[in-house]
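Participant: Chain residues, written in single-letter form:
2 protein chains.
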Amino acid sequence: MTSPNPFPAGATLADVGEFGLIGELTKRFEQGPHVYVGPGDDAAVIRTPKGHVVVSTDLLVENRHFRRDWASALEIGHKAAAQNLSDINAMGGTATSLTVGLGAPPDLPVQWALDLADGIAAEAALVGASVVGGDLTRANEVVIAITVLGECEIAPVLRSGASAGEVVAIAGRQGWAAAGLAVLGRGFRSPRVLVEAFKQPEPPYAAGLLAAHGGATAMIDVSDGLLADVGHIASDSGVAIDITTSSFELDDPLRAVGAALGVDPLEFVLGGGEDHAIVATFPADAVLPDGFRTIGVVAAGEGVTVDGTTYDGPTGHAHF
Amino acid sequence: MTSPNPFPAGATLADVGEFGLIGELTKRFEQGPHVYVGPGDDAAVIRTPKGHVVVSTDLLVENRHFRRDWASALEIGHKAAAQNLSDINAMGGTATSLTVGLGAPPDLPVQWALDLADGIAAEAALVGASVVGGDLTRANEVVIAITVLGECEIAPVLRSGASAGEVVAIAGRQGWAAAGLAVLGRGFRSPRVLVEAFKQPEPPYAAGLLAAHGGATAMIDVSDGLLADVGHIASDSGVAIDITTSSFELDDPLRAVGAALGVDPLEFVLGGGEDHAIVATFPADAVLPDGFRTIGVVAAGEGVTVDGTTYDGPTGHAHF
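Chain order of the listed sequences is Y and R.
First residue of the first sequence: 11, per this note's numbering; consecutive thereafter.
First residue of the second sequence: 11, per this note's numbering; consecutive thereafter.
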């Protein structure tokens, strides 16, 4: 769905101006059937949702959340949209629309902004959502502010609903993005499949709604790190969770990178975020929805253990 | 609605950490009846709206959209929320909820972030809206990303609905913020009422819904400048608009500042933005809703004129 760049090669945002660029950006955002009024008015209007409205927002800052020398603008756009869409997924909702604020220095190439828009639009299209509005302004560093709206036809699945005796299950790849980041951080570019997983995650977008319909009692997407995010379910639900490492098949690329970097590949799985896997708890007798596999159990108590004991590896990251 | 700051005097974001600060920020955001799930989960959930969902977003960057030495964090919070709430107003909608992304350097005083939150929450409370979610991250400069959601019970009033023969009307103060900015830009601090109007605008929040119910055919909020924004109605509606300067009462403070700075006070009125006045077009025989006064007429043609001729004063501002 990419449109050509009508500006001279090498043109920057300062050359083109805000209004010229907004017009070109908007061409990249196809408006789906959810949209009543798209970009260009004081606000966008989304048709009355099925059920409640779900909303999530993220602010991404250059060199902190993404690096222009590590990933293309297209990949950064995909990833920025993915991490917000994943939050709607983790509530059992369906994303309908996004707004995008872009702050950028005047010397940013216009092509970069257009590619970013293409990436966001393409990722949103995977779930049928449209970019309906945004804002463009000058800033000293590139910042991307994305808000996603969705609809939640049945009751949203919160982090707080897990009970002792239930099982913990996961859908989606886990640990690949962390391994890819470790590779990039050491200055390597392969295994390519892991680097790609870091640069452009592939969240299991069908999993959230399936889990909600399949009786999930609590749910979260893995963005800070598996144990950290499982810990949010444990603390919000007032329960203890034990993760069983033998339930993870250590994918070949994870083993290869672990061996190459001298790291236990389980660290990528247990500490890794950004694959946006979905973790949910289910009653012990539930039939797990397609794509989910059991990785642990819920018990009375508090905190997260691994194979019954405290885990002392990396579990996630803080932001200040 | 302000909570005490529990941190040591002079504490910075780096001292307190992301999670500690998020907890304190969240305390400042009272959750109204629209909110089904507030801050703290993967996403917030807003109850099914009356009618369609309206959404608007703005990205504000330090020293471009606000200056920490010109206005307090409380005032900046009020203003940041106001300019988004005004966009919902300009559609004829009712705001229900906001998300706030804050990017900040680690040496930002915690008190500043808390005051910002208080300002946003207080402004949102004026229209019954709640801050339901957000994101906090490190950045090299302070950036504030606000998205407002609202509901639109009747058809939204777009910029594109004006027809020849209608009248143009305005609700709210116009030109005060621009005059306040001119005062601050010259290093003065008075007339205080104008400086306050720039630092903390008072949009006519009731006007949008009244206009929508009162038969408005097109509507916009004045944020770029009166003539620039009237120009958006003209171009989107495919009509010409003439503004009659004699319809404006030049308020005393505007005259005083005009005289002191050697500026025609009409320039503040015609070129000024940021008061977030509401401009709407109505059929010629309509009874204008409370608070609206006629300032011009719609005719066949294109472009905006002032008293029948081209205006060559300042009409607004571009962003790159």
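Incorrect hints may have been included.
As the list makes no split between identical chains, a pair holds if one copy fits it or if it spans any two.
Below 20 angstroms or equal to it, Euclidean Cα-Cα: the simulated EDC-like pairs (lysine to aspartate or glutamate) are [claimed, not checked]:
#: 1; residue 1: 37; residue 2: 246
#: 2; residue 1: 60; residue 2: 125
#: 3; residue 1: 60; residue 2: 163
#: 4; residue 1: 60; residue 2: 234
Just so you know, these hints were derived from the structure itself, not from any lab.
Participant: Given identical chains, is residue 60 near residue 125, meaning Cα to Cα at most 20 angstroms, within a copy, between copies, both, or neither?
Facilitator: neither (32 angstroms within a copy, 37 angstroms between copies)
Participant: Given a CA cutoff of 20 angstroms, do residue 37 and residue 246 count as a within-copy pair, a between-copy pair, both, or neither?
Facilitator: between (42 angstroms within a copy, 17 angstroms between copies)
Participant: At most 20 angstroms between CA atoms: does that hold for residue 60 and residue 163 within a copy, between copies, both, or neither?
Facilitator: Both. Shortest intra-copy (5 angstroms) and inter-copy (16 angstroms) distances satisfy the 20 angstroms Cα cut-off.
Participant: Can you tell me if residue 60 and residue 234 fall within 20 angstroms by alpha carbon in one copy, between copies, both or neither?
Facilitator: This pair counts as neither: shortest intra-copy Cα distance 30 angstroms, inter-copy 36 angstroms.
Of the numbered hints given earlier, the model fails hints 2, 4; all others are met.
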